[in-house]
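2 protein chains.
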Amino acid sequence: MSKEITSRQADYSQWYNDLVIKGSLADYSAVRGCMVIKPYGFALWEKMRDQLDKMFKDTGHENAYFPLFVPKSLFEAEEKNAEGFAKECAVVTHYRLINDPDNKGKLIVDPEAKLEEELIIRPTSEAIIWNTYKGWIQSYRDLPLLINQWANVVRWEMRTRLFLRTAEFLWQEGHTAHATAQEAVSETIQMLNVYAEFAENYMALPVIKGVKTPGERFAGAVDTYCIEALMQDGKALQAGTSHFLGQNFAKAFDVKFSDKDNKLDYVWATSWGVSTRLIGALVMAHSDDDGLILPPKIAPLQVVIVPIYKGTEKKELLDAKCKEFVQQFKHAGIRIKFDDNENARPGWKFAEYEMKGVPVRIAVGLRDLDNNTVEVVRRDTKQKAVISMESLADHMIKLLDEIQLNIYNRALAYRDAHITKADSWEEFKNLLDEKGGFIAAHWDGAAETEEAIKEETKATIRCIPLNNPQEEGKCIFTGKPSRERVLFARAY
Amino acid sequence: MSKEITSRQADYSQWYNDLVIKGSLADYSAVRGCMVIKPYGFALWEKMRDQLDKMFKDTGHENAYFPLFVPKSLFEAEEKNAEGFAKECAVVTHYRLINDPDNKGKLIVDPEAKLEEELIIRPTSEAIIWNTYKGWIQSYRDLPLLINQWANVVRWEMRTRLFLRTAEFLWQEGHTAHATAQEAVSETIQMLNVYAEFAENYMALPVIKGVKTPGERFAGAVDTYCIEALMQDGKALQAGTSHFLGQNFAKAFDVKFSDKDNKLDYVWATSWGVSTRLIGALVMAHSDDDGLILPPKIAPLQVVIVPIYKGTEKKELLDAKCKEFVQQFKHAGIRIKFDDNENARPGWKFAEYEMKGVPVRIAVGLRDLDNNTVEVVRRDTKQKAVISMESLADHMIKLLDEIQLNIYNRALAYRDAHITKADSWEEFKNLLDEKGGFIAAHWDGAAETEEAIKEETKATIRCIPLNNPQEEGKCIFTGKPSRERVLFARAY
Numbered sequence: 011m012s013k014e015i016t017s018r019q020a021d022y023s024q025w026y027n028d029l030v031i032k033g034s035l036a037d038y039s040a041v042r043g044c045m046v047i048k049p050y051g052f053a054l055w056e057k058m059r060d061q062l063d064k065m066f067k068d069t070g071h072e073n074a075y076f077p078l079f080v081p082k083s084l085f086e087a088e089e090k091n092a093e094g095f096a097k098e099c100a101v102v103t104h105y106r107l108i109n110d111p112d113n114k115g116k117l118i119v120d121p122e123a124k125l126e127e128e129l130i131i132r133p134t135s136e137a138i139i140w141n142t143y144k145g146w147i148q149s150y151r152d153l154p155l156l157i158n159q160w161a162n163v164v165r166w167e168m169r170t171r172l173f174l175r176t177a178e179f180l181w182q183e184g185h186t187a188h189a190t191a192q193e194a195v196s197e198t199i200q201m202l203n204v205y206a207e208f209a210e211n212y213m214a215l216p217v218i219k220g221v222k223t224p225g226e227r228f229a230g231a232v233d234t235y236c237i238e239a240l241m242q243d244g245k246a247l248q249a250g251t252s253h254f255l256g257q258n259f260a261k262a263f264d265v266k267f268s269d270k271d272n273k274l275d276y277v278w279a280t281s282w283g284v285s286t287r288l289i290g291a292l293v294m295a296h297s298d299d300d301g302l303i304l305p306p307k308i309a310p311l312q313v314v315i316v317p318i319y320k321g322t323e324k325k326e327l328l329d330a331k332c333k334e335f336v337q338q339f340k341h342a343g344i345r346i347k348f349d350d351n352e353n354a355r356p357g358w359k360f361a362e363y364e365m366k367g368v369p370v371r372i373a374v375g376l377r378d379l380d381n382n383t384v385e386v387v388r389r390d391t392k393q394k395a396v397i398s399m400e401s402l403a404d405h406m407i408k409l410l411d412e413i414q415l416n417i418y419n420r421a422l423a424y425r426d427a428h429i430t431k432a433d434s435w436e437e438f439k440n441l442l443d444e445k446g447g448f449i450a451a452h453w454d455g456a457a458e459t460e461e462a463i464k465e466e467t468k469a470t471i472r473c474i475p476l477n478n479p480q481e482e483g484k485c486i487f488t489g490k491p492s493r494e495r496v497l498f499a500r501a502y
Numbered sequence: 011m012s013k014e015i016t017s018r019q020a021d022y023s024q025w026y027n028d029l030v031i032k033g034s035l036a037d038y039s040a041v042r043g044c045m046v047i048k049p050y051g052f053a054l055w056e057k058m059r060d061q062l063d064k065m066f067k068d069t070g071h072e073n074a075y076f077p078l079f080v081p082k083s084l085f086e087a088e089e090k091n092a093e094g095f096a097k098e099c100a101v102v103t104h105y106r107l108i109n110d111p112d113n114k115g116k117l118i119v120d121p122e123a124k125l126e127e128e129l130i131i132r133p134t135s136e137a138i139i140w141n142t143y144k145g146w147i148q149s150y151r152d153l154p155l156l157i158n159q160w161a162n163v164v165r166w167e168m169r170t171r172l173f174l175r176t177a178e179f180l181w182q183e184g185h186t187a188h189a190t191a192q193e194a195v196s197e198t199i200q201m202l203n204v205y206a207e208f209a210e211n212y213m214a215l216p217v218i219k220g221v222k223t224p225g226e227r228f229a230g231a232v233d234t235y236c237i238e239a240l241m242q243d244g245k246a247l248q249a250g251t252s253h254f255l256g257q258n259f260a261k262a263f264d265v266k267f268s269d270k271d272n273k274l275d276y277v278w279a280t281s282w283g284v285s286t287r288l289i290g291a292l293v294m295a296h297s298d299d300d301g302l303i304l305p306p307k308i309a310p311l312q313v314v315i316v317p318i319y320k321g322t323e324k325k326e327l328l329d330a331k332c333k334e335f336v337q338q339f340k341h342a343g344i345r346i347k348f349d350d351n352e353n354a355r356p357g358w359k360f361a362e363y364e365m366k367g368v369p370v371r372i373a374v375g376l377r378d379l380d381n382n383t384v385e386v387v388r389r390d391t392k393q394k395a396v397i398s399m400e401s402l403a404d405h406m407i408k409l410l411d412e413i414q415l416n417i418y419n420r421a422l423a424y425r426d427a428h429i430t431k432a433d434s435w436e437e438f439k440n441l442l443d444e445k446g447g448f449i450a451a452h453w454d455g456a457a458e459t460e461e462a463i464k465e466e467t468k469a470t471i472r473c474i475p476l477n478n479p480q481e482e483g484k485c486i487f488t489g490k491p492s493r494e495r496v497l498f499a500r501a502y
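Protein chains in written order, with this note's numbering: chain Z, 11 to 502; chain W, 11 to 502.
Treat the hints loosely; a few may be bogus.
It does not matter which identical chain is meant; a pair holds if it fits inside one copy or across any two.
Unchecked claim - Below, in silico cross-link-like pairs of lysine-lysine (DSSO-like), each with a Cα-Cα straight-line distance of 30 Å or less:
{"hint": "1", "residue 1": "Lys67", "residue 2": "Lys331"}
{"hint": "2", "residue 1": "Lys340", "residue 2": "Lys64"}
{"hint": "3", "residue 1": "Lys324", "residue 2": "Lys392"}
{"hint": "4", "residue 1": "Lys394", "residue 2": "Lys445"}
{"hint": "5", "residue 1": "Lys439", "residue 2": "Lys90"}
{"hint": "6", "residue 1": "Lys307", "residue 2": "Lys273"}
{"hint": "7", "residue 1": "Lys439", "residue 2": "Lys245"}
{"hint": "8", "residue 1": "Lys67", "residue 2": "Lys408"}
{"hint": "9", "residue 1": "Lys359", "residue 2": "Lys490"}
{"hint": "10", "residue 1": "Lys347", "residue 2": "Lys64"}
{"hint": "11", "residue 1": "Lys261", "residue 2": "Lys114"}
{"hint": "12", "residue 1": "Lys392", "residue 2": "Lys90"}
{"hint": "13", "residue 1": "Lys144", "residue 2": "Lys116"}
{"hint": "14", "residue 1": "Lys331", "residue 2": "Lys359"}
Worth flagging that the hints you see were computed from the coordinates, not collected in a lab.
Just chain Z, with the same shape it has in the complex (with noise of 0.2 Å):
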């Protein structure tokens, strides 16, 4: 076990933030809740990133670029989206700055520059670009518009965590316009799949979809679907939501349409959204006591080559070995790293790159080269295998997907022992507090219900899953009829 990070066991929350830390993915800044990426975090962003921007577009949308500041009067037309937000809203009240008269070298805001209408920062982008899509929107054949938006939001939370809940954080937000009801929720629907084909088949990441509650719902939504995962310590983490919006925005911001007979109506909207919070899914889920584990398929490295060797001698050989399977990688689309860093040791190599998650470490020695062998260390099972240079590319090829694999069973195996039924509120309670993970239980379907069993015990509704067996039963906490089970569970 590695000395520089506290183990789960000890600490989850503190395993968690060494992880970010000594692993380089994020640091914190001198703003408020606010955190820097670091290269290796951002290159694991752009890699999901890539990945979901080209599955967006495959399914037909564009990306657009929307202001990042709502004028206040926009901000606060969809009521129930205002009063969501208006809680955590950073406000632009001043556009300039003066030298402090008192203090030479300071600066004070300008009382002068004081704008006439204060701008929000944008927490999300319905108001800004209902507003706009007002212009864009005539007729049916405008629609569908597939608009998607990769953008910077702020929401001013007060309690806050490397990735999972920061002011700022990274996102994308789709947001269409459809001229039925039918379509949109399929589009709804559709978004919510492609979000958990990305969790599943690149992050390695099982999810459960469903539909959130009413008073889970995103505000101003008619309907919330999201994707919903399990990390290592038996909480649930919301890992995308997808909208059905009705025409809540299109009246609040009067976008109607005329259909092919000139009739006119309100055009019919979704909104959906994955954020930088995934990485802070993908390290819980995965990692263990020596640091992050990520899934080939988005790790910004998946292979790298250690040199060992004694003072000069045959060097050149082992370098000039390296370099050719750096080649034969490349051209295979391995993402490698020749790590010939002189100024450190190979043991020291070895505990850094555990610690960043690289799927794969081959050292490559003197002996090795004599035998025709290489040393092969998979971080997600730390087996080691000493393997032929022959068709080395290959076999990593096969080998990152096993790993890929293999990352998601065991995942999968730990969420599928941690969904445990409860059928009395002691055992309920007994389940959250000792075993934890998704409680499948019957409720009420009453909001007063759900807020009851959530004062008591911090387990909120996931989800409603999608096709819910149906079953009569009884509520966990009024003893009132219920057909079907929901999942509850504490969460992120």
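Use these hints to put chain W onto chain Z, whose structure you have.
Positioned in the frame of chain Z, the structure of chain W alone reads:
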């Protein structure tokens, strides 16, 4: 000539706005001075960004992300930088909205939620980044640090124009740290060369590389290098800058490193950036009175195929043939669209793609099917040609290269014809008013002279070209001795 666009002759400025709006690149927004980048404009930006990003990575840089906000105390630490940007800073002063007690459904800024320290929205990120580098740099082993950021920035400009000058814009900013002045200067020049190569080889935009006079330097820089381009109205446009920052920011933020001999010294810095302003340059350098002309290498769409038919006779055959071309073109890496929209007539489509600057348009009619030919029209010259269907993809690749080169050569010929020497004040003023372009003239090197010339003519010194020929002469304004000519122009 298209009816919808104002001609360059009639009103150059209106022509530009028409192109941006009607070419679907951008739109005005509800926020003062901020624009919406529309999907077609954003696709163009993506092409530019991806190529630049590749060039940055090929030269060893990594991407990272730093906070949008700069606390006022950090912002003011480097005095010249702070002074340079203070007048155009958007300032966040509060972090919450509450219900307006006097006005149901409206919100007001919560006076209780005032920040202890105001946050500046980054107009550029030197301050927040160098404050972070302080924690990352201890030893020469931590250097060089080669980081780039793609981000939005805000500069509160009083007079804004789509792409050319907007309150919020998208850009990249490189921020590097080095152990020696020499290495930092080399980096500054290397990135200037990257920008020039990108402008010339991808944007087809000839540029002059040079260094700014002290009066035109970036606030906080020791030297500012730039690439300067010429627009069709004879005005210059600064298309990118690369700054040698000396130790100014290291001193302001106390960033020191220990060298190999354990001696402490301040770190040397560079920063360099290009922005969405480049799109404005692209539009103004190449386009004509019928719409945009985009260089094939960065055009979102390179070829569009329009089917020509009446009724439904042979429509299926025609569609099948067009789709065959689409497959062939995609396979050849050409960005292609088959426009089979039945609601628009061919003539309308032709005008639309001319407006959008798609480099090549192919029309295929029923007679073409019999003749085994297609009609090909180049956007840059409007030349029509009837071409055999055989090896059409190969032909397209050659044609796109030819168009790229022709656009560049045309802009180069115009630019070279608009660099004129002036040896007297009268000549200088006449050239500015009657011919425009760059004027190569002697200047005595004094900031007051530069200022007086600007006051009287609105012309500024765009740059002192790199490798500038040395030549004895007399300042056109003061008659004082001078050793070299500098380039003046009126500029965007």
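Against the structure, the hints come out as follows:
1. Only between protomers do Lys67 and Lys331 lie at most 30 Å apart by alpha-carbon distance; the minimum there is 25 Å, versus 41 Å within a single protomer.
2. For the identical chains of this complex, Lys340 and Lys64 are neighbours both inside a copy (22 Å) and across copies (16 Å), given an alpha-carbon limit of 30 Å.
3. Taking CA atoms no more than 30 Å apart as the test, Lys324 paired with Lys392 passes inside one copy only; the shortest distance there is 29 Å, against 64 Å between copies.
4. Taking the closest pair of Cα atoms, Lys394 and Lys445 never come within 30 Å of each other, the shortest separation being 33 Å inside a single copy and 74 Å across copies.
5. For the identical chains of this complex, Lys439 and Lys90 are neighbours neither inside a copy (33 Å) nor across copies (61 Å), given an alpha-carbon limit of 30 Å.
6. In this assembly of identical chains, the alpha carbons of Lys307 and Lys273 never lie at most 30 Å apart, being 49 Å within a copy and 44 Å across copies at closest.
7. Proximity of Lys439 to Lys245 under the C-alpha cut-off of 30 Å is restricted to the intra-copy arrangement: shortest distance 14 Å within a copy versus 73 Å between copies.
8. Taking CA atoms no more than 30 Å apart as the test, Lys67 paired with Lys408 passes in both settings, with 29 Å inside one copy and 28 Å between copies.
9. For a Cα distance limit of 30 Å, the shortest separation of Lys359 from Lys490 qualifies neither inside one copy, at 60 Å, nor across copies, at 63 Å.
10. Taking CA atoms no more than 30 Å apart as the test, Lys347 paired with Lys64 passes in both settings, with 26 Å inside one copy and 18 Å between copies.
11. Within a single copy, Lys261 and Lys114 get their C-alpha atoms only as close as 52 Å, which misses the 30 Å cut-off; across copies the closest is 18 Å, which meets it.
12. Proximity of Lys392 to Lys90 under the C-alpha cut-off of 30 Å is found in neither arrangement, the shortest distances being 51 Å within a copy and 53 Å between copies.
13. Taking the shortest alpha-carbon separations for Lys144 and Lys116, only the inter-copy value of 22 Å comes in at or below 30 Å, while the best intra-copy value is 44 Å.
14. In this assembly of identical chains, Lys331 and Lys359 lie within 30 Å of each other by CA distance solely inside one copy; the values are 19 Å within and 57 Å between copies.
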